[in-house]
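K.L.:
The primary structure of each chain is shown beneath.
Protein chains: 2
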Amino acid sequence: MTAPGSGASGEDCLIARYFRPLAVDPGAFELGDDAAILKALGQDIVVTTDAIVEGVHFLSNDPPETIAQKALRVNLSDLAAKGATPAGFVLTLALRAADEAWLEPFARGLGADSSRFGCPLLGGDTVSTPGPVMISITAFGRVVPDKMVRRSGARPGDRVVVTGTIGDAALGLDILGGGRVAAALAGDAAAREMLVGRYRVPQPRNALVQAVRDHAHAAMDVSDGLAGDLAKLCAASGVSAVIDVPGIPLSAAAVAALKAGAVGMEALVSGGDDYEILCAIPEDGFEPFARAADVAGVAVSSIGTVIAAASAPKFLDAQGRDMPLPRLSYSHF
Amino acid sequence: MTAPGSGASGEDCLIARYFRPLAVDPGAFELGDDAAILKALGQDIVVTTDAIVEGVHFLSNDPPETIAQKALRVNLSDLAAKGATPAGFVLTLALRAADEAWLEPFARGLGADSSRFGCPLLGGDTVSTPGPVMISITAFGRVVPDKMVRRSGARPGDRVVVTGTIGDAALGLDILGGGRVAAALAGDAAAREMLVGRYRVPQPRNALVQAVRDHAHAAMDVSDGLAGDLAKLCAASGVSAVIDVPGIPLSAAAVAALKAGAVGMEALVSGGDDYEILCAIPEDGFEPFARAADVAGVAVSSIGTVIAAASAPKFLDAQGRDMPLPRLSYSHF
Chain A
26 MTAPGSGASG
36 EDCLIARYFR
46 PLAVDPGAFE
56 LGDDAAILKA
66 LGQDIVVTTD
76 AIVEGVHFLS
86 NDPPETIAQK
96 ALRVNLSDLA
106 AKGATPAGFV
116 LTLALRAADE
126 AWLEPFARGL
136 GADSSRFGCP
146 LLGGDTVSTP
156 GPVMISITAF
166 GRVVPDKMVR
176 RSGARPGDRV
186 VVTGTIGDAA
196 LGLDILGGGR
206 VAAALAGDAA
216 AREMLVGRYR
226 VPQPRNALVQ
236 AVRDHAHAAM
246 DVSDGLAGDL
256 AKLCAASGVS
266 AVIDVPGIPL
276 SAAAVAALKA
286 GAVGMEALVS
296 GGDDYEILCA
306 IPEDGFEPFA
316 RAADVAGVAV
326 SSIGTVIAAA
336 SAPKFLDAQG
346 RDMPLPRLSY
356 SHF
Chain B
26 MTAPGSGASG
36 EDCLIARYFR
46 PLAVDPGAFE
56 LGDDAAILKA
66 LGQDIVVTTD
76 AIVEGVHFLS
86 NDPPETIAQK
96 ALRVNLSDLA
106 AKGATPAGFV
116 LTLALRAADE
126 AWLEPFARGL
136 GADSSRFGCP
146 LLGGDTVSTP
156 GPVMISITAF
166 GRVVPDKMVR
176 RSGARPGDRV
186 VVTGTIGDAA
196 LGLDILGGGR
206 VAAALAGDAA
216 AREMLVGRYR
226 VPQPRNALVQ
236 AVRDHAHAAM
246 DVSDGLAGDL
256 AKLCAASGVS
266 AVIDVPGIPL
276 SAAAVAALKA
286 GAVGMEALVS
296 GGDDYEILCA
306 IPEDGFEPFA
316 RAADVAGVAV
326 SSIGTVIAAA
336 SAPKFLDAQG
346 RDMPLPRLSY
356 SHF
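Listed in order, the protein sequences are those of chains A and B.
Take 26 as the starting number for the first sequence in my numbering and just add one per residue.
Take 26 as the starting number for the second sequence in my numbering and just add one per residue.
Next comes chain A alone, as it looks inside the complex (with noise of 0.2 Å):
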């Protein structure tokens, strides 16, 4: 991704319009060069890629502003979960057609949520495809060095400790396909609404680094659905864990979608899309981590227990019942 010289194709003049305004760190050159510069600070770098597909995770008629939002946000939403700040991303962009139409907002909402999460363009790469849309960003964090927030070191004792609300988005992509949830919800025009905007633009727990850093054994970001990416930590980890599936937090929406019986408690566990972060806390660190998470205004929920076991994590219903999961997360393949 490089800016037009004499030289230029469209492509260029494409990029310089609309992307050059979002290189804003020096290390980009304007993206007038093939590569930028990313400079350590005496920290580790953290680097973590994700890539989203039309059709797959996003929907062809999605607005361009919350596709771009989400295609960073899902990346800054893995940083987070690291204890990582951000310090930039590279793009690539494989698209069937230069849509000015369609760049321009992309554009617009990228470069927003670049300067709201401190996270400048460094580069990138457009290509024609004559299939779905593409967007990979690979994003940069630093952190103290050695300190980057593992998987793996969740220990029996702590809290297990998710941010926000569970579930939410697995309900809003079924409201977008118009399944059961939007009936369900027919009456609640505000409800289907927040549900719809948790798909389309996570709300990445950057605004938590700090905490996660000073408090967590290990952290990662709930992309795959809570169920199936705490089994991962756990596996990590070597251990295993003990969910209270009421304490489970559910916004107001996903509560009546429940009750109206459009969706099951092991769907919401199960749904990917949360971004939100799963964590493990010691006993002793819970109260000044949910202290720091009140200053910050994100919520946090205490929600069971890691335990030392081989098996696989257990949730629990309000009778002590072991919930059934058909399965734990999604899978592409």
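These are computed hints drawn from the structure, not numbers from a lab.
Here the structure is a predicted model, which is why all the values come from computation and not from measurement.
Incorrect hints may have been included.
Treat identical chains as interchangeable: a pair holds within one or across any two.
Below are the SDA-like pairs computed for lysine to any residue, each with C-alpha atoms no more than 25 Å apart in a straight line [what the hints assert, rightly or not]: (1) K284 with A232; (2) K64 with D171; (3) K172 with V49; (4) K172 with G57; (5) K339 with G57; (6) K64 with D50.
Assemble the complex: chain A is given as a structure, and chain B must be docked to it using the hints.
P.N.:
Only chain B this time, still in chain A's reference frame:
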């Protein structure tokens, strides 16, 4: 791209089997976390990203090994031109299906080049797509602080230098499409194979990294065609150039295709996919640069001179006449 825990999906298992062996850097955590750590080791991190798309940058029936090699090498070529030593890469792989008969040789080709160029896999993402296969790689290099070789440093009087030979990959693509070059070289299987190889498997000039860093005022890799890329380098540097067309290095196969009238010189200098280094070397730096290149086993050719002008670079034939260039380079849109 994370290896499986007990919440493993089919996607996770495929990643583990084929890609974990490539994640030899400790910062990759064996693909067992959400992000990787890249240590700057007191240097600047150079970041570049390039994607290749089925039907655009490679053909559906190209061998998976060479598709993987091309995906990595187009990025390694950028690092080489910037004077950066490879440090690692992340991979986004968009596939229609998890076809192991394709993934196995793809990962094998990727692994071989990852070892060969000292550029370990740090992480990635696999997504499903109904469209063409797309491989997006973001590669990282390290360079002495503030010593990345820019496009913008060329000065009047510098020699314009390229590595290797120009135009071979464009001829290889023509051969794969059964074009006029295929007919012209019908009797020379070795020449056809060499040209196809140049299209499928670029030869990034990472062996020249130190020489580029030591001697080049400006450099970039030739990916979209020599003429267009030279125009970009000149524009970034605020200079122009005069190129001696007969001095542009051609392979024997390209000379044969030219002589047979299957291709014109202007197509060779505007064809894409060369992945050679184009650089501006001060007169007194050329001899040590050429000596270092000789030691590295890379051919380099002085093809012209940087001049103080705002006009587009001129390509002069043996009679000193301007060569008309109907197009300078490949553009996606």
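K.L.:
All the hints need checking, so say for each whether the structure fits it.
P.N.:
Hints, one by one, checked against the model:
Taking the shortest Cα distances, K284 and A232 never come within 25 Å of each other, neither inside one copy (32 Å) nor across copies (65 Å). Within a single copy, K64 and D171 get their C-alpha atoms as close as 17 Å, and across copies as close as 10 Å, so both meet the 25 Å cut-off. For the homomeric pair K172 and V49, the shortest alpha-carbon distance between copies (20 Å) is at most 25 Å, but the shortest distance inside one copy (28 Å) is not. Taking the shortest Cα distances, K172 and G57 sit within 25 Å of each other only across copies (16 Å), while inside one copy they are farther apart (34 Å).
For a Cα distance limit of 25 Å, the shortest separation of K339 from G57 across copies, 22 Å, qualifies, whereas the shortest one inside one copy, 53 Å, does not. In this homomeric assembly, K64 and D50 come within 25 Å of each other (Cα to Cα) both inside a single copy, at 11 Å, and across copies, at 20 Å.
When the structure is compared with the earlier hints, a violation turns up for hint 1 alone.
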